[in-house]
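Two chains, two separate frames, one set of hints: put the complex together.
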Amino acid sequence: MRRGMSTFNFVSVALGFGFLYLPIAILVIYSFNASRLVGIWGGWSTRWYAELINDQAMLDSAWVSLSIALLSASAATVLGTLAAMSLVRAGRFRGRLLFTGLIYAPLVMPEVITGLALLLLFVAMDVDRGFWTITIAHTTLTMCFVALVVQARLLNFDTSLEEAAMDLGCPPLRTFLTVTLPLIAPAIAAGWMLAFTLSLDDLVIASFTTGPGATTLPLRIYSEVRLGVKPEINAICTLMIAVVALVVTAASLFAKFSATRERVLPLGAQV
Amino acid sequence: MSDIAPQSTVLHSLSPMGRGRGEGDSIDRASPAPSPQPASPRRGGARARTWFVLIPYLWLAVFFLIPILIVFKISLSQTALAQPPYTPVFDPAAGLAHLKDFLAKLSLENYAFIASDAIFLLSYLKSLEIAVISTIILLLIGFPLAYGIARAPRRWQALLFMMVVLPFWTSFLIRIYAWINVLQRDGLFNQVLLATGIVDAPPAWLSTDIAVYIGIVYSYLPFMVLPIYATLENMEETLLEAAADLGCPPWQAFWLVTLPLSINGVIAGALLCFIPIVGEFVIPDLLGGSQTQMIGQTLWSEFFANRDWPVASAVAIVLLCLLVAPLMAYQHLQARALEGRP
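If you read the sequences in order, they're chains A and B.
For what it's worth, my numbering labels the leading residue of the first sequence as 135, then goes sequentially.
For what it's worth, my numbering labels the leading residue of the second sequence as 4, then goes sequentially.
Bound conformation, chain B alone (with noise of 0.2 angstroms):
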């Protein structure tokens, strides 16, 4: 049974030419590049292009790490009336002297601020509740969805598979659009809803949870049914046919040996969509309601609205540490992969 490879299997075949990988060739991973007799000319070239595989570190490191540091450090300092509208300030050219004065005017009045308005409670509780909902529901369509195009005849599957990944490649934008298109009080759903005479007066789906629930769920389903049809594949079917031999009826091979060896596309898939929808912003403010606002758009509102940066900051950090959790979960998933599939 081979430990699929999640996210890397999902990326490579949500491209229109991933599909063509893999023609049985594997090699060692364990052993570095190939690099025979250490001649000398040949160890200087082994140095340059260690520097030169540094870069896209070094870019990553300016622009992901250092910027979430700066995150951090803004989210303890105060606000000001002034651009930027925090202090203090650090200014690396005032010398050790100004760092101890700066480190001294650090506070947690932010976070505290935090804990003391009930908007962030409720918005952090608020994104989580749409996270785990909407990833249930994600696994009960995705599930079924990704298990029939795995069982479809082979001529079938390449075709069924693009169309998954197809919506992929149409802006998100585009696809929240065409809810709010379908969704509106005069729009096709209420239409269908009037004539079958299901209801007399057509209800508002915008503004409320269940318009929420039914974007994320269409945004997100290509990233839970790629990784669980990847695993769905793989599976050898002479498992299969060994319990049918052994009298083991198809429902209960189905809860024995198909769903036990496609765990890890299932996790895989659930951490895909339950990260990013825990600070989600697009979705919940196009198609969700103003009562309770998600941890994504209270973040927003602070910081475009009220300009309070510091405050946004500590939101971030806030939610940044509840998705630790999950975010080295799949961290660890991608790192087996990595190590190869054995």
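Next comes chain A alone, as it looks inside the complex (with noise of 0.2 angstroms):
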């Protein structure tokens, strides 16, 4: 692409931007505001936030949604990373198409229908709902996300250095564990944090396969949100986009620092 903006290129950039981080900037600028009311300011305060502390059924909620997020996550980070590895190595046989279909088909599913079906399973296999299954649930969509994250390093792979440690003598396994993981090892990270993030994002599919003493974060967010805004939750939501600003910007560094050992890496993996 030839580089050099015009002012159209600048004004549907600055446009978009601002459509895009106003609403959020806003919602942050009045979590911190002293007023109950949100359209009137009353001055800056931390009020919302010593509230939220004593909010023991808040941080409940945080709590399952955080434990749920980290289980599912690592599974789905383990059942995707080998789903990718069967796509991209697998080659040509009957029946693929099938089996990519499996993997492509939830990851735009609209979201009540997963859920409906993941609900009449669990009721059909007489499982009481809960933890368990919103985890198993979270675990099944967000695998093909991380399968699509990985196969697309995957297939950017320079398999030569796989031949020539197995032309050494090294067994598949050990090949792998010595020489694919740490290099796809960028991309597992990055799925596994994707699939945390849809996992504590989610609602819909947590709406149907939740049951008694299981709420959600969302579920909770989403039941108040209902009945109007409150300042509480414009608190909440801001500490949730902290945390979230925070690990991405965290992750990007890291990307930064092992794509600089990457280039590296390759050269000590022939030794």
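Keep in mind the hints are simulated off the structure, nothing from the lab.
Even for Gly, the Cβ is constructed at its ideal location relative to N, Cα and C.
No false leads were mixed into what you were given.
For each label pair, taking beta carbons as the anchor points, the in silico distance ranges come out as:
no. : chain 1 : residue 1 : chain 2 : residue 2 : range
1   : A       : 358       : B       : 257       : 43 to 49 angstroms
2   : A       : 373       : B       : 251       : 51 to 57 angstroms
3   : A       : 169       : B       : 257       : 45 to 51 angstroms
4   : B       : 88        : A       : 200       : 29 to 35 angstroms
5   : B       : 108       : A       : 212       : 37 to 43 angstroms
6   : B       : 338       : A       : 290       : 17 to 23 angstroms
Here's what the structure looks like:
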């Protein structure tokens, strides 16, 4: 693409970013509003954050959400990486379309359908719904996202390193652990983070698969938001944005670091 | 000209670590996993590996494919005041005779009910209308944004790109909630309108279709921008230079060169937005009114409020049938991307 922006380019980018960021900025600013009324600015205050710490129900939900996200993201990373390996490495075989379809369909399937289907499965299997059913549901959805991220890395992967290791008598499993895994590690980490965020974010599938005692943070926020804007909700949303911004910044710094290391690593692997 | 991988590129770039890919090393994807001289112990290893690799597919078969078949089955059942609230219930232990009985009891009653009640037809039409219009708005906003970023100086590009991706990482619910803040009656939007004298009395924005469109366009914008940006970024700039050398004015070069070459990104972005928007629930529920519901809301209320599981299942199956064509198109793009970029 030829560089150099016209006025039109500049304006469209500026307007686009204004649209993307203005509502979030307003949300953050109003979380520091001393007044309970949203339309009125009552000066800067952190009282809503203080009230949040005393909201035991909200803290419990945050804990449930974090546990589910940690467990399902980890399971999804293992399953998704395996799926990506098979998509890229298995070559052509009969029924391949069905296999690839299984990976891609959940990505765009409307969530109401996925959620309903999983609930009906859990009812048919007669299992108690709650923490574990949400975890399984999130694992199923997010493993497909992990598979795509890892697959993109594997498509740009230099197989000669693996071949060299095998030629020198390294058994397949050890080749995978010592050569392949370190090389695709950044994509696996990125896939884990994507899965973690998606699980933390999900409302629709959790609504279908939840049971008594397992109220995730989005479920709790949703029930509050339906009743209107509340400064406490602004505060917890601001905290979640802050956490995500921190994690994403750390991750991109880590990616820069590992990108410089990656250029050295293949040389090391050949020794 | 490279044939871009629509979704894989998008998702890979959505991740904060995703930009380090592709140092130009390409592999022969037609060849299977490296298996040199097949010695006998290694062949055993290969078989173990095959089974290992099947695990994710078994998982998806159990937790994705079978559940959808169950939805289909229940859509053919009848509502009952029981737990679970439908009959007949399939009981494999009862043997073949029961299976016959079970099949005989299946009926198309729920589909007839959906066809007879205008609420369902209106909901489907409303969903399609909102999905089509929002996809067009997304294209109109997304393309110039992607084009602007692709033409920005290189040192700015990574930052601009990151800024498109970042909102994706903040919670979807938070972003919708942020708009409730802005659009409510005494919210900032109305305050600005009143202060500038555009309106005399604050209009109600929430519970209108306008709010739904704003929410949808806002939430799905990254999904439209990223695939288009990916195709534009990979475009050979020599093509535009050639067009200019041959006397083609810039706007015509855009029309004849840039647009046709970015069509894959445009299609991928449109499908990536259109399909989930049709089944959208949260955005119309929080921002929209109660006059006409989208089909996701109708399914939700059939299931949770009316507790009519068979009808909800039938609604889901009809929705799935509506989406089969775009889903197949999307699948086709994906499969082509996987075959490699020539």
